Amino acid sequence: MSTKRGRITIDGFDADVVEQREELSDWSEDKDTNLESRWRRVAREIRRDRLALIGGTVVFVMLLLAIFSQPIKAFGVTIQPISITPYDPGQQFVAGTTENYADPSFLPWSEGSLLDYPFGTDTLGRDVFSRVMAGTRYSVTIGLIVTAISGTFGVIYGGISGYFGGKVDGVLMRFVDMIFAFPGLVLAIVILALLGKGYWPLVLAFTATGWAGYARLIRGEILKVKQNEYVLAAKALGARDRRVLFRHVVPNSIAPVIVQATLSIGTVVIGVAALGFLGLGFPPGTPEWGTMINAEQGTVLSARGWVRWWVTVFPGLMLFLFVMAMNMIGDAINDALDAQGGEGIDAAGGGG
Amino acid sequence: MSRTTQPILEVDGLKKYYETGGSFVDSLLGRSNTVKAVDGVDLTLQPGETLGVVGESGCGKTTLGRALLRLIEPTEGSVTSRQRNDDGTVDELDLTELSSSRLRDLRTDLQYIFQDPFSSLNPRMTVGDIVGEPLDIHNIASGEERTQRVEELLDTVGLNRSHAYRYPHEFSGGQRQRIGIARALAVDPEVIICDEPVSALDVSVQAQILNLLSNLQEEFDLSYIFIAHDLSVVEHISDRVAVMYLGEIAEVGTTDELFTAPRHPYTEALLSVIPEPDPGWEGNKILLDGEVPSAINPPSGCRFHTRCHRVIPPEDLSIEQETFRSVLTLKLYARQAESTTELVTLGGTGQLQEEYDETDPVAVDRVIRDTYEIPSQLPDTTAEETVSTSIERLVEAEPPAAAEKLDEVFVSPCEKQRPELEQTAETQVSCLLYTDEYNTGQPVVTDQTGDAAADD
Ligand code: SF4
Chain H
1 MSTKRGRITI DGFDADVVEQ REELSDWSED KDTNLESRWR RVAREIRRDR LALIGGTVVF
61 VMLLLAIFSQ PIKAFGVTIQ PISITPYDPG QQFVAGTTEN YADPSFLPWS EGSLLDYPFG
121 TDTLGRDVFS RVMAGTRYSV TIGLIVTAIS GTFGVIYGGI SGYFGGKVDG VLMRFVDMIF
181 AFPGLVLAIV ILALLGKGYW PLVLAFTATG WAGYARLIRG EILKVKQNEY VLAAKALGAR
241 DRRVLFRHVV PNSIAPVIVQ ATLSIGTVVI GVAALGFLGL GFPPGTPEWG TMINAEQGTV
301 LSARGWVRWW VTVFPGLMLF LFVMAMNMIG DAINDALDAQ GGEGIDAAGG GG
Chain D
1 MSRTTQPILE VDGLKKYYET GGSFVDSLLG RSNTVKAVDG VDLTLQPGET LGVVGESGCG
61 KTTLGRALLR LIEPTEGSVT SRQRNDDGTV DELDLTELSS SRLRDLRTDL QYIFQDPFSS
121 LNPRMTVGDI VGEPLDIHNI ASGEERTQRV EELLDTVGLN RSHAYRYPHE FSGGQRQRIG
181 IARALAVDPE VIICDEPVSA LDVSVQAQIL NLLSNLQEEF DLSYIFIAHD LSVVEHISDR
241 VAVMYLGEIA EVGTTDELFT APRHPYTEAL LSVIPEPDPG WEGNKILLDG EVPSAINPPS
301 GCRFHTRCHR VIPPEDLSIE QETFRSVLTL KLYARQAEST TELVTLGGTG QLQEEYDETD
361 PVAVDRVIRD TYEIPSQLPD TTAEETVSTS IERLVEAEPP AAAEKLDEVF VSPCEKQRPE
421 LEQTAETQVS CLLYTDEYNT GQPVVTDQTG DAAADD
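The listed protein sequences correspond, in order, to chains H and D. With the working numbering, letter number 282 in the first sequence gets 282, and the count goes up by one each step, no holes. With the working numbering, letter number 375 in the second sequence gets 375, and the count goes up by one each step, no holes.
Worth flagging that the hints you see were computed from the coordinates, not collected in a lab. One or more hints might be untrue.
Claimed, not checked - Cβ-Cβ distance ranges computed for the label pairs, FRET-style:
(1) H:GLN80 to D:SER100: 49 to 57 Å
(2) D:GLU73 to H:GLN80: 51 to 59 Å
(3) H:LEU51 to D:GLY290: 31 to 39 Å
(4) D:VAL90 to H:PHE164: 31 to 39 Å
(5) D:VAL90 to H:MET178: 53 to 61 Å
(6) H:LEU223 to D:VAL90: 55 to 63 Å
(7) H:TRP200 to D:SER199: 53 to 61 Å
(8) D:ARG161 to H:PRO256: 31 to 39 Å
To be verified - The calculated lysine-lysine pairs, modelled on DSS-like cross-linking and capped at a C-alpha distance of 27 Å, are:
(9) D:LYS15 to H:LYS226
(10) H:LYS73 to H:LYS197
(11) H:LYS226 to H:LYS167
(12) D:LYS285 to H:LYS4
(13) D:LYS15 to D:LYS285
(14) H:LYS4 to H:LYS73
(15) D:LYS416 to H:LYS167
Claimed, not checked - Partner residues aside, some chain H positions facing chain D, computed with beta carbon under 7 Å:
(16) GLY220
(17) LYS224
(18) ASN228
(19) GLU229
(20) ALA233
(21) LEU237
(22) ASN252
(23) ALA255
Because the structure is a prediction, the values reported are computed rather than measured. Just so it is clear, CB atoms sit at the ideal spot from N, CA and C, and this is done for glycine as well.
With these hints in hand, go ahead and build the complete structure from the sequences.
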């Protein structure tokens with residue numbers, strides 16, 4: 001027995017065997033098929049989801065409608081000449097005359113076939129089918145634009161707030177709290193009251209209220225992500241804050257924002273329609289779905305108003321279709337991202 | 001190791017304090033506490049040297065490593081980096097004073113390898129981008145040249161060139177650590193701080209990574225600060241070792257000196273628990289009591305006195321050192337305990353205590369002396385009196401009252417006096433036992449190897 005150390009040494013430390021035995025990994029070239037990026041994997045997941053496919057198709061068709069329903073002019077030059085609506089959405093009395101429409105029981109199909117006016121005509125004799133098609137240009141694009149702008153702004157704002165933390169975070173987030181203190185729609189109405197009706201005022205009104213949600217969402221996520229050592233590693237390499245934030249932190253915290261954004265496109269569209277219905281969104285006569293329903297309120301509420309049920313049902317149906325489709329896509333994205341939530345860690349296991 | 005060149009990195013009085021309970025209201029009410037994660041550390045790193053920094057978790061070694069590179073801002077102190085220019089002149093820069101853009105430039109000389117190979121690589125970037133990022137940041141290479149450099153680096157660390165197009169999650173821990181090393185090497189650094197680079201890895205892989213690190217050191221003439229939580233890892237790769245305890249350096253010395261003749265009781269304890277493969281070996285394992293105290297309000301005097309097995313008894317007390325240690329432990333626990341039962345549990349060895357009557361002074365006396373291994377009769381009369389009165393107080397009042405009583409007599413100089421890092425014949429030690437006042441002339445700790453002759 002001895003208290004002396006080192007009488008027996010185990011020479012494992014720099015034995016060549018250890019070095020030679022090294023197995024670099026358990027994959028071989030033939031397992032080398034999985035090189036696709038994360039977003040491509042997400043896209044594949046989504047394509048497997050039937051509901052998402054249906055939703056995607058609906059949204060795609062509506063986008064086509066938004067582009068091709070009416071010619072597009074920019075600065076007086078026509079850049080998209082195709083017009084697939086059967087009538088101009090503003091054209092009145094496409095079937096019948098003023099006198100015909102004074103009679104509540106007048107049906108636009110009295111002279112032509114059902115296909116001439118598949119969705120009927122409204123109080124002013126405008127073709128509802130043409131109008132709901134043209135309406136995509138308002139509702140759908142506003143939804144997309146508002147979400148894109150408020151999402152981008154919110155991500156930058158919340159990103160800066162969460163990344164720098166401390167006092168910056170305190171100040172920036174109190175401002176977000178202030179925005180949240182107003183009921184969203186009310187704030188939008190105030191902005192519209194100040195700026196007047198129209199497309200861009202609506203975009204502004206919804207962006208002004210919408211970005212705060214993204215800011216808060218990504219900030220929370222960033223607080224988690226910035227704990228990761230790769231953030232510190234980037235700093236140790238001498239990366240500037242902008243690079244660290246947008247190359248390392250944001251890409252790792254963006255997933256919930258994308259889900260949120262897809263789901264909220266529908267919400268914005270409904271909001272626009274709600275304002276339209278209240279008569280606050282677009283000037284009367286604009287073929288925006290909510291505004292159309294608002295214009296026909298009188299018809300539906302009048303005696304025998306139910307006869308012309310189509311004047312409100314079709315715009316409402318379009319609204320429903322779009323929001324539903326958007327939500328199905330949003331859910332699919334959510335699932336697809338969730339499915340790979342643990343990506344990275346559990347795929348590799350420890351050691352080795 | 002007799003290098004007489006100037007150190008490449010010199011740390012002087014480095015401190016890092018954190019405020020806890022940091023909300024605005026807390027600080028208004030003065031409720032916040034200061035965590036002294038690193039409290040006045042001096043170190044030097046010679047060119048081409050590996051300095052091991054060892055300590056239990058929570059001793060501030062990672063904070064030290066990060067504050068060194070200003071990955072977290074140090075509270076106080078300076079870090080001087082000396083870079084040799086091509087023409088032989090030496091640039092001396094104090095990292096703590098540098099502007100952030102100068103600091104960014106300096107990052108090409110000082111690099112860091114992280115502990116956790118899973119969280120230190122961005123999961124959304126390919127390995128090529130991870131390793132190539134420093135090249136982009138410092139405009140070292142781009143395009144074809146960048147690709148080539150990345151592949152070279154992967155080669156250097158023993159990975160396959162084709163790995164550049166894969167994502168980190170496709171790799172094992174050891175491989176990921178190699179990627180992290182390649183990333184640190186990309187800027188061609190002089191100094192790399194390795195923060196427990198192998199502690200997250202399987203034992204078999206640890207050796208490979210350690211080998212890689214020491215090969216790279218030779219190849220690129222690197223200096224390492226190697227942080228680890230156990231001595232056995234640093235033994236093989238360090239030229240010198242610094243032992244940290246609660247934000248301070250307890251002992252620094254060459255690996256040889258430190259392993260054969262540890263001077264600080266803490267080092268001695270750490271060394272004694274390194275497993276020995278020799279079945280005939282019967283070295284004394286020194287098991288330290290309790291856990292590392294919190295860095296919020298760290299112990300007064302010598303920070304190790306709450307656990308030190310060599311804590312110095314007061315001069316006027318003729319009492320065995322071991323007994324003194326027991327009474328001191330009783331005192332320290334009594335300060336925080338809320339009831340006698342808690343006191344018994346804290347000091348207990350974990351086995352169930354027999355039932356006893358908490359109101360019976362005799363029973364309490366017996367149980368307390370049993371759990372704290374205090375003899376039933378102390379030779380010194382004042383000592384005996386104090387202990388028995390304080391135990392009586394346990395019955396009448398709360399444990400803190402008993403602690404107060406013990407405080408009248410049982411106070412170690414270690415509690416009051418803060419030792420400085422001082423040079424002994426071998427290592428630099430921060431322990432009162434080696435100051436003139438308490439030095440008995442002989443090294444207190446005998447050599448592990450048993451050949452005490454070397455010490456004379
Ligand atoms: S100063 Fe006292 S308590 Fe500290 S290590 Fe030395 S003997 Fe132990």
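Consistency of the hints with the structure:
The given range of 49 to 57 Å is respected by GLN80 of chain H and SER100 of chain D, whose C-beta atoms sit roughly 50 Å from each other. Range check, GLU73 of chain D to GLN80 of chain H: about 57 Å between beta-carbon atoms, so the 51 to 59 Å window is met. Judged by the Cβ atoms, the range 31 to 39 Å given for LEU51 of chain H and GLY290 of chain D is violated: they are separated by roughly 59 Å. Our hint of 31 to 39 Å for VAL90 of chain D and PHE164 of chain H holds, since their Cβ atoms are close to 36 Å apart.
A hinted range of 53 to 61 Å holds for the C-beta pair VAL90 of chain D and MET178 of chain H, which are about 55 Å apart. The supplied range of 55 to 63 Å is broken by LEU223 of chain H and VAL90 of chain D, whose beta-carbon atoms lie about 43 Å from each other. Range check, TRP200 of chain H to SER199 of chain D: about 58 Å between beta-carbon atoms, so the 53 to 61 Å window is met. Roughly 36 Å separates the CB atoms of ARG161 of chain D and PRO256 of chain H, a value that falls within the hinted 31 to 39 Å.
Restraint check for LYS15 of chain D and LYS226 of chain H: the C-alpha separation of about 24 Å stays at or below 27 Å, so the hint holds. In summary, the hint linking LYS73 of chain H to LYS197 of chain H is supported, as the alpha carbons are separated by about 21 Å, within the 27 Å threshold. Distance restraint check for LYS226 of chain H and LYS167 of chain H: the Cα-Cα separation of roughly 17 Å lies within the 27 Å cut-off, and the hinted pair is therefore satisfied. For a cut-off of 27 Å, the pair hint linking LYS285 of chain D to LYS4 of chain H stands: about 13 Å separates their Cα positions.
Among the hinted pairs, LYS15 of chain D with LYS285 of chain D is inconsistent with the structure: their alpha-carbon atoms are about 33 Å apart, more than 27 Å. For the hint pairing LYS4 of chain H with LYS73 of chain H, the CA-to-CA distance comes to about 93 Å; that exceeds 27 Å, so the pair is violated. A hinted pair counts as satisfied when its Cα atoms are at most 27 Å apart, and LYS416 of chain D with LYS167 of chain H does not qualify at roughly 39 Å. For GLY220 of chain H, the interface hint is violated, the least distance from its beta-carbon to any beta-carbon of chain D being 18 Å, above 7 Å.
Interface hint status for LYS224 of chain H: violated, as the beta-carbon distance to the closest one in chain D is roughly 12 Å, over 7 Å. Interface hint at ASN228 of chain H: satisfied, since its Cβ lies 5 Å from the closest Cβ of chain D, which is below the 7 Å cut-off. Given hint, GLU229 of chain H at the interface with chain D, holds; its Cβ is 4 Å from that chain's nearest Cβ, closer than 7 Å. Because the beta carbon of ALA233 of chain H sits about 5 Å from the nearest beta carbon in chain D, less than 7 Å, this interface hint is met.
Residue-level restraint check for LEU237 of chain H holds (minimum Cβ-Cβ distance to chain D is 5 Å; threshold 7 Å). This hint holds: ASN252 of chain H has a C-beta 6 Å from the nearest C-beta of chain D, less than the 7 Å allowed. Taking 7 Å as the C-beta contact cut-off toward chain D, the hint placing ALA255 of chain H at the interface is violated, the least distance being around 10 Å.
Of the numbered hints stated above, those contradicted by the structure are hints 3, 6, 13, 14, 15, 16, 17 and 23, listed in ascending order.
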